[in-house]
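Using the sequences and the hints given, assemble the complete structure.
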Amino acid sequence: MEQLENFRQEVKSWLDENCPASMRNGADPTIPTDEVWGGRKAQYKNPESKIWLDRMGQKGWTMPTVAKEYGGGGLSKEEVKILNEEMWMIGAKGPLLSFGIWMLAPVLLEYGTEEQKKEHLPKIIKGEIRWCQGYSEPGSGSDLASLATKAEDIGEHFLVNGQKVWTSYADKADWIFALVRTGPKEPKHDGISFLLIDMETQGVSTKPITLISGKSPFCETFFDDVKVTKANLIGELNAGWTIAKVLLQHEREFISKFGLASAMGSSGKDIVSLAKEHLGEENGKISNGFYRSEITAHKIKEHAFGLTLKRAGDEGGKASPTASMFKLYGTEHNKKRHELMVSVAGINGVAWDGDEFDDNEKNLTKSWLRTKGNSLEGGTSEVQLNVISKRVLGLPS
Amino acid sequence: MKLILNEEQQFLKDTAKSFTTEKTPVNHFRSLRDSDDHLLWDKEIWQEMVNLGWSGILIPEEFGGSNFGVAGISTIMQECGKTLTPSPLFATAVLGAFAITHFGSQAQKEEFLPKIVSGEITTALAIDESSHHNPAKTAFSAIIKDNEYVLNGKKDFCC
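Sequence lines, in order, name chains Y and W.
Under the numbering used here, residues 354 to 750 are what the first sequence spells out, in order.
Under the numbering used here, residues 176 to 334 are what the second sequence spells out, in order.
Honestly, the hints are just simulated from the structure, not real lab data.
Treat the hints with care, as some may be off.
[To be verified] In silico DSSO-like pairs for lysine-lysine, Cα to Cα no more than 30 angstroms straight-line:
(1) Y/Lys629 - W/Lys329
(2) Y/Lys719 - W/Lys257
(3) Y/Lys629 - W/Lys330
(4) Y/Lys715 - W/Lys284
(5) W/Lys330 - Y/Lys622
(6) Y/Lys689 - W/Lys312
(7) W/Lys312 - Y/Lys622
(8) W/Lys329 - Y/Lys715
(9) Y/Lys688 - W/Lys329
(10) W/Lys312 - Y/Lys652
(11) Y/Lys638 - W/Lys330
(12) Y/Lys434 - Y/Lys654
(13) Y/Lys719 - W/Lys330
(14) Y/Lys719 - W/Lys284
(15) W/Lys188 - Y/Lys715
Shown next as structure tokens:
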């Protein structure tokens, strides 16, 4: 216990000295905020965002449980809990958003060689390299295993040709982890490999995709005779499907957390404030019994979901097919949240343009439309139900 | 309203279908939306609807209407909806016509209903005062002064 207490004191003083003023409670609201994804192309409106990332990255505290030899913090579970508590106490901002952390690192730790771990993990942890995910193709979405991007064996290298779609932030990423076909098309699951590719390699190009919300992270990614060293193959040749599925579990775990995170959507207002504004307020209550009831029921579900996510996290263990339960629930809940917000805002909830509507209202409409994609991206709700029925409930297929 | 249309109702539906697909396909809506004039509807199109008798469908024959009833106007509205046809049909031939026919005095019916049938006037229903429909909380006022109503207030989303 004393050891942990000492650790807590160390963390407290380190945070005190190293967490910049704009990255904690009491931050000056006029200072612009950055969404910090790191990478070679990163730009910062607030230089303290980069300073904070560098300091936390140096400590390895962006991935606190990963071993120090790979650049991680080397902390125990109890120590991570203390770190999170102390960061929460000062309202410290998370230093790094990262597909590398959420999806690739767990897979590297389980399937990568020592060389690959030492090469890639430190850069992920420090936010030096930004990753994107090359899974879906125009002809292979829900039936991902039918993917056709080919990686031909040409000696020391693979020659990659094909196309990926819905690649989030491909135009901003430095490297991509891609599923490629290295074996025959049948049986389709046995011909897939997991390959890391530098986006700067000759022959790689991207094109952004715009959604109805006006913006989206999605891109198309093209591979035209791209030469990739065989050292970038993760795991065994043609054994990539298993790795792909493990990664998807990690992805679905992190998507579930967004079921809670986007409680405000992009409207800038939480649903209760929105309701009071549009429906009126009496004695501190929303003056509409129907909506009080709907909003309360919604918040109860949200609270229960948050507690269940926390319990799953505390119970630890590896990512599993249960991640599909959380992804399914979190995304459907987020869609309902936005439906409810639009309903609460009445006619103003479907504002598209014009001066009669303020920016919050127009953003609310666009956010609502964007959530339609939530039950498609990261594996459709139908795919999640398939996983749950087969892998969690063991129902016969 | 029976779900199976009688001969007259089917005729109305067929007429409305060819009208809306030929004269007001979705592109018509889009070009109005994108025009700088911010027209709400095309005046010539409305006149053609009037000539077809659509403005008088809910209005009794004594005022010049055809009294085909709700079933009749509904089939027309359905076809208009399919191509997003912008027109004052709903506001005038449905809402205005219905309100005056059922709640107007004889004098009001005689004055306004024939003008709706002829297309001389269009009407709009002004109830909502905010983003939600809440007639109980009406702030808009009509005060009698010198034998007239003096109106004060604001209405939103009148259609």
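Okay, the hints, checked on the actual structure:
| no. | hint | verdict |
| --- | --- | --- |
| 1 | Y/Lys629 - W/Lys329 | 21 angstroms, holds |
| 2 | Y/Lys719 - W/Lys257 | 24 angstroms, holds |
| 3 | Y/Lys629 - W/Lys330 | 20 angstroms, holds |
| 4 | Y/Lys715 - W/Lys284 | 42 angstroms, violated |
| 5 | W/Lys330 - Y/Lys622 | 25 angstroms, holds |
| 6 | Y/Lys689 - W/Lys312 | 28 angstroms, holds |
| 7 | W/Lys312 - Y/Lys622 | 25 angstroms, holds |
| 8 | W/Lys329 - Y/Lys715 | 22 angstroms, holds |
| 9 | Y/Lys688 - W/Lys329 | 34 angstroms, violated |
| 10 | W/Lys312 - Y/Lys652 | 28 angstroms, holds |
| 11 | Y/Lys638 - W/Lys330 | 26 angstroms, holds |
| 12 | Y/Lys434 - Y/Lys654 | 26 angstroms, holds |
| 13 | Y/Lys719 - W/Lys330 | 26 angstroms, holds |
| 14 | Y/Lys719 - W/Lys284 | 45 angstroms, violated |
| 15 | W/Lys188 - Y/Lys715 | 37 angstroms, violated |
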